[in-house]
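**Student:** Chain residues, written in single-letter form:
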Amino acid sequence: MPQKYTTVGGVATLIHHRGPTTLPGTPPDTSRGSTILCLHDAGGNGNQFAALMDALAVDHSPVAYDQPGHGRSGGLDALDSVDAMAGQLHELASGWGVAAPVLVANGSLGAAVALQAAATSPGWAKALVLVGGATDSADIEAEIAQLAAVTSGKARREFDRSGYAPDTDRSVYQRAFADWVKTDPRATLGARRAQAAWSLATPPDVPTLIVVGEHEDAATAEPAKALAGRLPKAATETLAGAGRHGIVEQPEALAAVITAFLAANAGTGKGEG
Amino acid sequence: MSIAGRFAIAGVYEHPSRFSPDKAEFQIMAECAKGALDDAGLQLSDVDGLFAASMTMGAMGIIDLAEYLNLKPNYLDGTNIGGSSFVAHVIHASAAINAGLCDVALVLYGSTAASSSMAIGTGGRGGAGPAESFISPYGMTTVGSYALYAQLHMNRYGTTSEQLAEIAVAARYHASMNPNAKMRQPITVDDVMSSRVISTPLHLLDCCIISDGGGAVIVTSLERARDLKKKPVIVLGAGEAAVHQEIGSPDLLTIAAKQSGAKAFGRAGLTPAEMDFAMLYDSFTITVLATLENLGFCQPGEGGDFVSGGRIKLGGELPLNLDGGGLSSNHPGMRGIFLVIEATKQLRGEGDIRQVQGARLACVHGTGGTIGDKHSGATLILGVE
Chain C
1 MPQKYTTVGG VATLIHHRGP TTLPGTPPDT SRGSTILCLH DAGGNGNQFA ALMDALAVDH
61 SPVAYDQPGH GRSGGLDALD SVDAMAGQLH ELASGWGVAA PVLVANGSLG AAVALQAAAT
121 SPGWAKALVL VGGATDSADI EAEIAQLAAV TSGKARREFD RSGYAPDTDR SVYQRAFADW
181 VKTDPRATLG ARRAQAAWSL ATPPDVPTLI VVGEHEDAAT AEPAKALAGR LPKAATETLA
241 GAGRHGIVEQ PEALAAVITA FLAANAGTGK GEG
Chain B
1 MSIAGRFAIA GVYEHPSRFS PDKAEFQIMA ECAKGALDDA GLQLSDVDGL FAASMTMGAM
61 GIIDLAEYLN LKPNYLDGTN IGGSSFVAHV IHASAAINAG LCDVALVLYG STAASSSMAI
121 GTGGRGGAGP AESFISPYGM TTVGSYALYA QLHMNRYGTT SEQLAEIAVA ARYHASMNPN
181 AKMRQPITVD DVMSSRVIST PLHLLDCCII SDGGGAVIVT SLERARDLKK KPVIVLGAGE
241 AAVHQEIGSP DLLTIAAKQS GAKAFGRAGL TPAEMDFAML YDSFTITVLA TLENLGFCQP
301 GEGGDFVSGG RIKLGGELPL NLDGGGLSSN HPGMRGIFLV IEATKQLRGE GDIRQVQGAR
361 LACVHGTGGT IGDKHSGATL ILGVE
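So the sequences go chain by chain: C and B.
Sequential numbering of the first sequence, starting at 1, is according to the working numbering.
Sequential numbering of the second sequence, starting at 1, is according to the working numbering.
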């Protein structure tokens, strides 16, 4: 996967993209279809979207990035608010001249950043796709407590195997583990604390697709569906064969869902700019 | 002719980053070189002696580094004796300048230990020493060896885990005043005691962190240093030593600091009691305690009491590791260079809110390798005019 660093807000930020590699200081090529910016969850990174980006790249220009403190970007800590994360997204996109991106968000923090970014700049994002948990994380306080125990040395760091569909192939877990382990838990903790302090003030008036996994737990599926009711232009769709981690469990099927949604709602069919 | 009092540290720079996945090891070194040269008021073209080691530089790495820096030095030294290497490099640089082999020595270190996911303390020991085939197959790790040292110390002298924890607490207290430190949230003895055990009796917070980072030091003659930007920090005394397995019969609690420290203090004509502060390699809390005893700051077995009661905190009798040390500030695999850098800043009066008031004399000691096993020690006694 082509990768490159760019400095956003003073932090060396790793960009994952498709298409040809470009020289340092030159943005990736986003001329194909829509520019799809992929936003990861707390503790995640852009590489989690690798298979999804491969599939989306047939018709579009997908780009993912690692937030500060996450994956292979610089910094020890996460940004301290969802607003700051949305600001970083705007800065990153404007630096490349991306005017009307589609935001594909994974997990509850990814969704929060996407909604905040769309809400603070009406008309900027032309569509949102939220996968895996929407914005409400029922267990966020418990997760914060666990992460605090880990970062203070009182508990071991353990990979969470929950939320996957039954009979998920071992290779999916292996890839997920390899990406999860890249991020220091203190960054994950900071990101979750930022998320816990956030609420959506103004629902963005933008076509939004909320993707719920066929096998997703009610604890995350129901809030996701409820979120759809609070957004003016939202719909839900069930992703067959997936739990909460659709981007790694069913990337090709998810790409097909996203491509169809964009064709119907965002005026971006195959090859359209 | 002795090097004591005739050579000085004229420039230092510590890379502020603790996680730099976008940088290469040499890139960090180059940035540090620029920082130290700026600090000294020198140009890269002034450098004619290059001293460096790293976690990954091979036998010819010093040549690759010279090429990366576009340097053609008159003197090259790639000595690697573990984390103490850079303390030793200051000694070697002074000796080389003394011999007329170079005039301005650049000492460098850079590492991406954290972003390269190196398991420094808990990984396999590796190595190719003759004793490895009798040790490595049994799963000995670096932290395991230090833990055995701690167990023996506890058994022989009654040293407690709470006393070791005092060292971690003091380091974190100092790190809380260092904006670049990786871990800045103050901790208590209870926090250390309740952190999970890595290798009995060492808890997680008894162990150094892993970070990226690097540093640079400029050494030149005292005469030349007096004409440069910053107050010279003078090499008053120096010593090096190695401890090995001695065919299985060493006194495990005697570390290289005993030999190198005696030489360094002797050459400086000073005693541990005269030091205003000390920068001691703190790979683990037990490393500090062992070093204090072996350098002569206290008697064998007295280390536990010595580090208690606030003595080693800023404002105490012997503040240690004012930057937060490897336990809290940074530990990119080898951290001897940061001991020299922080000592230099303190002696110049550049310690900001963690400044040891009126500091004029400091002891710097680097440990390389593994105490309780084969290791090196390098000691510097530094001072200002």
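By construction, these hints were calculated from the structure, which means they are not laboratory data.
Among these hints, one or two may not hold up.
Reference excerpt, derived from the structure (chain B facing chain C, CB under 7 Å, subset only) [stated by the list, open to error]:
id, residue
1, Ala24
2, Leu152
3, Met154
4, Ser195
5, Arg196
6, Glu385
Here are the computed lysine to any residue pairs in the SDA-like style, where the Cα-Cα straight-line distance is at most 25 Å [claimed, not checked]:
id, chain 1, residue 1, chain 2, residue 2
7, C, Lys126, C, Leu76
8, C, Lys4, B, Gly123
9, C, Lys225, B, Asp64
10, B, Lys34, C, Lys126
11, C, Lys154, B, Met154
12, C, Lys4, B, Pro201
13, C, Lys182, B, Arg196
14, C, Lys154, B, Asp48
15, B, Lys313, C, Gly153
16, C, Lys154, B, Glu67
17, C, Lys126, B, Pro201
18, C, Lys182, B, Ala273
19, C, Lys4, B, Thr56
20, C, Lys154, B, Leu101
21, C, Lys4, B, Gln27
22, C, Lys154, B, Pro186
23, C, Lys154, B, Leu204
24, C, Lys154, B, Lys34
25, C, Lys154, B, Gln27
26, B, Lys34, C, Lys182
27, B, Lys34, B, Leu101
28, C, Lys182, B, Met154
29, C, Lys154, B, Thr56
Using N, Cα and C, we set each Cβ at its ideal position, and we do this for glycine too.
**Student:** State for each hint whether it applies.
**Tutor:** Consistency of the hints with the structure:
1. Ala24: 12 Å, violated
2. Leu152: 24 Å, violated
3. Met154: 21 Å, violated
4. Ser195: Holds - the Cβ of Ser195(B) comes within 7 Å of chain C, reaching about 3 Å at its closest.
5. Arg196: 6 Å, holds
6. Glu385: With Cβ-Cβ at 38 Å, over 7 Å, it is violated.
7. Lys126(C) <-> Leu76(C): 32 Å, violated
8. Lys4(C) <-> Gly123(B): 30 Å, violated
9. Lys225(C) <-> Asp64(B): Outside the cut-off at roughly 58 Å; violated.
10. Lys34(B) <-> Lys126(C): 46 Å, violated
11. Lys154(C) <-> Met154(B): 24 Å, holds
12. Lys4(C) <-> Pro201(B): At roughly 44 Å apart (the allowed maximum being 25 Å), Pro201(B) and Lys4(C) break the hint.
13. Lys182(C) <-> Arg196(B): This hinted pair holds, its Cα atoms lying about 21 Å apart.
14. Lys154(C) <-> Asp48(B): At roughly 49 Å apart (the allowed maximum being 25 Å), Asp48(B) and Lys154(C) break the hint.
15. Lys313(B) <-> Gly153(C): 23 Å, holds
16. Lys154(C) <-> Glu67(B): 46 Å, violated
17. Lys126(C) <-> Pro201(B): Cα-Cα ~58 Å, so violated.
18. Lys182(C) <-> Ala273(B): 46 Å, violated
19. Lys4(C) <-> Thr56(B): Answer holds: Lys4(C) to Thr56(B) is near 24 Å, not above 25 Å.
20. Lys154(C) <-> Leu101(B): 53 Å, violated
21. Lys4(C) <-> Gln27(B): Answer holds: Lys4(C) to Gln27(B) is near 17 Å, not above 25 Å.
22. Lys154(C) <-> Pro186(B): With Cα atoms ~15 Å apart, Lys154(C) and Pro186(B) stay inside 25 Å; holds.
23. Lys154(C) <-> Leu204(B): 9 Å, holds
24. Lys154(C) <-> Lys34(B): The given pair, whose Cα atoms are some 40 Å apart, is violated under the 25 Å limit.
25. Lys154(C) <-> Gln27(B): 36 Å, violated
26. Lys34(B) <-> Lys182(C): With a Cα-Cα distance of about 30 Å, the restraint between Lys34(B) and Lys182(C) is violated, given a limit of 25 Å.
27. Lys34(B) <-> Leu101(B): 23 Å, holds
28. Lys182(C) <-> Met154(B): 37 Å, violated
29. Lys154(C) <-> Thr56(B): Violated, at about 32 Å.
Hint compliance for this structure: hints 1, 2, 3, 6, 7, 8, 9, 10, 12, 14, 16, 17, 18, 20, 24, 25, 26, 28, 29 are not met, and every other hint is.
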